[in-house]
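Using the sequences and the hints given, assemble the complete structure.
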Amino acid sequence: MFPSQFEYHRAASIKDALDLLKQFGDDAKLLSGGHSLIPMMKLRLAQPAHLIDVTKIAELRAISESHGKIVIGAAATHDTVANSDLVRAKLGLLAEAAAAIGDVQVRNRGTIGGSLTHADPAADYPATALALEAEIKLDRDGGSRAVKAADFFLDLMTTAIQPGELLTQVAFAPIPSGTGYAYLKYPHPASGFAIVGVAAIAALDRSGKFANLRVGVTGLGPKAFRATAVEAALAGKAADAATIAAAASKTADGVDALGDIHASSEYRSELARVYARRAIQAAVARAKA
Amino acid sequence: MAVIPKFVGARIKRREDPRLISGTATYVDDVRLPDTLTAVVLRSPHPHARINSIDVAAARSAPGVVAVLTGEDLKGKVGGIPCVAPAEHIPFHPLLAQGKVRFVGESVAVVVASDAYLAQDAADLIDVDYDPLDAVSDPEKALADGAPILHEEFGANLATRALIPNPAVDEAIAKADRVIKFRIVNQRLAPVPMETRGVLAQWHQASGQLTLWTSTQIPHLLRSALAAVLSLPENRVRVIAPEVGGGFGAKLNFYREEALVAYLSRMLGRPVKWIERRRENLATTTHGRDQITYLEVPVKNDGTVLALKAKFICDMGAYLQLLTPAIPGFSGLMMTGCYKIPAMSFEQVMVFTNKMATDAYRGAGRPEAAYIAERTMDMVAAELGLDPVEVRRRNFIPKEAFPYATCAGLVYDSGDYNAALNKALEIVDYPKMRAEQAEALKHGRYIGIGIASYVEICGIGPSAMLPPKVPGWESATVRMEPDSRITVLTGISPHGQGQETTFAQMAADAFGVDIDDVAVVHGDTAIVQYGVGTFGSRGLSVGGTAVMMSVGKLQEKLKKIASTMMEAPPDQLTFTNRTVALKSDAAKAIPLQAVVDAAYGWKMPIPGMEPGLDATSVFEPTGCTFPFGTHIAVVEIDPDTGVVTFLRYVAVDDCGNIISPLLVAGQVHGGIAQGIAQALYEEVVYDENGQLVTATLMDYAAPRARMLPHYELAHTVTPSPLNPMGVKGVGEAGTIGSTPCMVNAVLDALKPLGVRHIDMPLRPEKLWRAFKDAKKA
Ligand SMILES: Cc1cc2nc3c(=O)[nH]c(=O)nc-3n(C[C@H](O)[C@H](O)[C@H](O)COP(=O)(O)OP(=O)(O)OC[C@H]3O[C@@H](n4cnc5c(N)ncnc54)[C@H](O)[C@@H]3O)c2cc1C
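Going down the list, the sequences are from chains A and B.
Those letters in the first sequence? Residues 1 to 289, per the working numbering, in order.
Those letters in the second sequence? Residues 290 to 1066, per the working numbering, in order.
Some hints could be false.
The calculated DSS-like cross-link candidates involving lysine-lysine, where the alpha carbons are at most 25 Å apart (straight line), are [said to hold, decoys possible]:
no. : chain 1 : residue 1 : chain 2 : residue 2
1   : B       : Lys589    : A       : Lys250
2   : A       : Lys250    : B       : Lys1064
3   : A       : Lys22     : A       : Lys137
4   : A       : Lys250    : B       : Lys1055
5   : B       : Lys688    : B       : Lys589
6   : A       : Lys148    : A       : Lys137
7   : A       : Lys250    : B       : Lys1040
8   : A       : Lys29     : A       : Lys137
9   : B       : Lys1040   : B       : Lys1064
Just so you know, the hints here were simulated from the structure itself, not pulled from any lab data.
Structure representation (structure tokens):
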């Protein structure tokens, strides 16, 4: 487990990081928590000649509230997110997902920016980012753009980030009070990643019908996705168990499900349906509480 | 003066732990010698391939590289890895592949460089031209005609066969009310010690001596093997097992890298270190289990088991390690378990496949046996519609029958199986649990109650039971130093078992001193007399007896001397509170130190007595000990997902007398964790072409705390008559009892579906399918 030789650069600011990216181009990799990148380097599946560490950029580590949004710096660790008072108060779903990632060591090092960028099909954050309709800010030399979570995850470990871009922050609208949410995860018995993870956000109207529902699913397919068929099936419908179950049965429709020795694609699809049903039910229960 | 308490039986913390949990223990990789070179091994990506050529030119000239060797370079210069267990076909087991590779991970070349990074860079430059061959990973397919043959010289993949015939078994089958037949699999497991293997070798040119630090359970046996492979005299080889971070049987072995690194140090005249990576550990450290068993069980309608007939297919892997073909023997001999089954017979077929070798893994043959026995009891119960408790009771060896000679020819030392079963039933409140289970089922909840009453074989053992060169005795030297502190040198090599604590408890009590007055030394062949090692839960019962024999010799000498000083007969004396005192009157005492002073010859009161306080003993047991117990698990299965939730886990273990309650609890906890992991999670998977699928811990499901139940532990105490402490051994009990217990619990939950058996690991997906199939039917 010995990576090939590389040079380490510590970026002092966003500009510094972008300059280094420009300077080294394809030979460089951004380093955040290192919990996805370094294992690949140890296996020599990745052999970057330059590593640009972004975790010492104060701006990227901050969590703040501005213009009605909760803004989380890309280099905020999972542990920071899970334990932030602000996140827990206004983005409970994200805090729950962060707390469900890996183990203590992983949460102490891994970061939200790294996780979203790595786009592991079994990562926890993507499901919540989709359900929360996060906005991902990408900076490049001389500009920046915001990408909606729905447009961010393109394929297996592939995102909308372009070469030369740095993910700087993720912005979320706070979860309004009266809206329920839940993140349910079936952890892989070996890796601890999600075999299936479902994030659900639900708001009901006065008559107990769905006024709003968003469901993000991770683990099932090559990329995390919004279960739009399930959402549509429940729009304006009564939030009772039978209706929810019928809608949740569509969760895996049209998804090219992954499989491994611990969960075949058939079983994973069923898990996705069951977890979607349960996550929606849990969100509804909280919305009612 | 404060009174020194008794230590045996007290709940004291392990003396080993402060250094382990504070990161100050010295493992092989922590031993730093100047000028050390690092070795990196290039390994085969193919399960089976012919090696046409290996081009090492680029690697040899890479920066920092000192040497690059392949199998060709070693031909005729160094021996192969020994297998000491008898087998019909023992293939030559080279340090680096010669001509052919036979499993993924087989060592092909070694690079020695100034550091690991440069060594790896150079290893990447080695160009091996392979001709991939068909491979076989399924042992039953490996026996079929036309299967790819691993070792052409044998003409087939059969390694060896073991046969214990018994015509009484066929008679029982003929006259039985019913014969229950089934096939069960003990899947292949990886031991996954926290510390992987690691070796550091230092050749001393001037004296022609070799020192080898290695993460092993058997430093002395390893010294013998190493000296033989390198053609060195044994008195010029020193093996040190420093802190060893877990072995679980996988380090009861002698590996290629141990010999290779020693060879390289001698060749290069510099220290050479190799530390196994986790991926290497999963691919190239011995695996355990991997047995398929076909069973025939003739029974009477009342649940009496009349005989047991088994055919085993045992996967050896590609080569035979130290004891590979010996392990299944224990499975056969112990498969009748706690039961007075009058006859048994078995056939074992040991097969070569394109996989890593199997060998001992926590329990080593006995978990497989307990699994057979306890699945059999549940199968009988299910077949006859009886309660599994009743079937066990009907077949138990009664407590009056001990010592009991089994139909397999073993003699169980002592036991009271009903007592352990009853205690476990009482703790879970069995009738209430069954009622709750029935009630829950009405609401669509699937609760299962699993019972396993196990017996295992420990305190290994009389040398006659073991292969040559792995004797069953153990040695100990006990020394009282001039300041009356005690040094215990034991031939066992604890690596987590905690004998630095237990042996100190025993010695402290024997001499009436504080536990801190005792030091326990092990794991260095230059310091400790020849010994055997730590495996088969023998440390306390065999190693501890040797300690007590030496303790006794010193006590005798001290008493003799004290008797002249106190003018009292030796048998009236006792050791207490750092004095030698009259048994009848503790106030009549002289300081222990005064007696020690005398013994060291400074004022020797007995003319002609040899000065010094040093005694060495070797204990050769006359028989094995047979710990037993009953585990009960209560689980609930989610029919929608197959996920298992633990409701209760009760373990009643009988390991004879208990020296150290906390240590026993620790051993049981760890054992249950690994046993449940076999039941539910772990499996080394090779695909049908021989590729290793579970190559990392991202795929191989070693258990985490969150994947395990809360344990409720209890004991019965049935002392062993075979050693002075009355102990039996507890290192493997948890593993042996828990696997069948958990499987029985899960399958009990599925009983309403009509399911009789599912092979381990009982992954949720398999359970979910059982529900799905039942719904379809
Ligand atoms: C044992 C273990 C268990 C784990 N379990 C889980 C789990 O249960 N759930 C889960 O979701 N994850 C899990 N992970 C993954 C973990 O959360 C990773 O930390 C995360 O996926 C990557 O984040 P990082 O900060 O470590 O990124 P890094 O590894 O540093 O980087 C990952 C990738 O992102 C790029 N990158 C990093 N930062 C930026 C940026 N700001 N802008 C652009 N590109 C960037 C890097 O160049 C690299 O390609 C686990 C990891 C380990 C080692």
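Now the hints, each set against the structure:
no.: 1; hint: B/Lys589 <-> A/Lys250; result: violated, 52 Å
no.: 2; hint: A/Lys250 <-> B/Lys1064; result: holds, 21 Å
no.: 3; hint: A/Lys22 <-> A/Lys137; result: holds, 18 Å
no.: 4; hint: A/Lys250 <-> B/Lys1055; result: holds, 23 Å
no.: 5; hint: B/Lys688 <-> B/Lys589; result: holds, 23 Å
no.: 6; hint: A/Lys148 <-> A/Lys137; result: holds, 9 Å
no.: 7; hint: A/Lys250 <-> B/Lys1040; result: violated, 31 Å
no.: 8; hint: A/Lys29 <-> A/Lys137; result: holds, 18 Å
no.: 9; hint: B/Lys1040 <-> B/Lys1064; result: holds, 14 Å
In terms of the numbered hints stated before, the structure departs from hints 1, 7, listed from lowest to highest.
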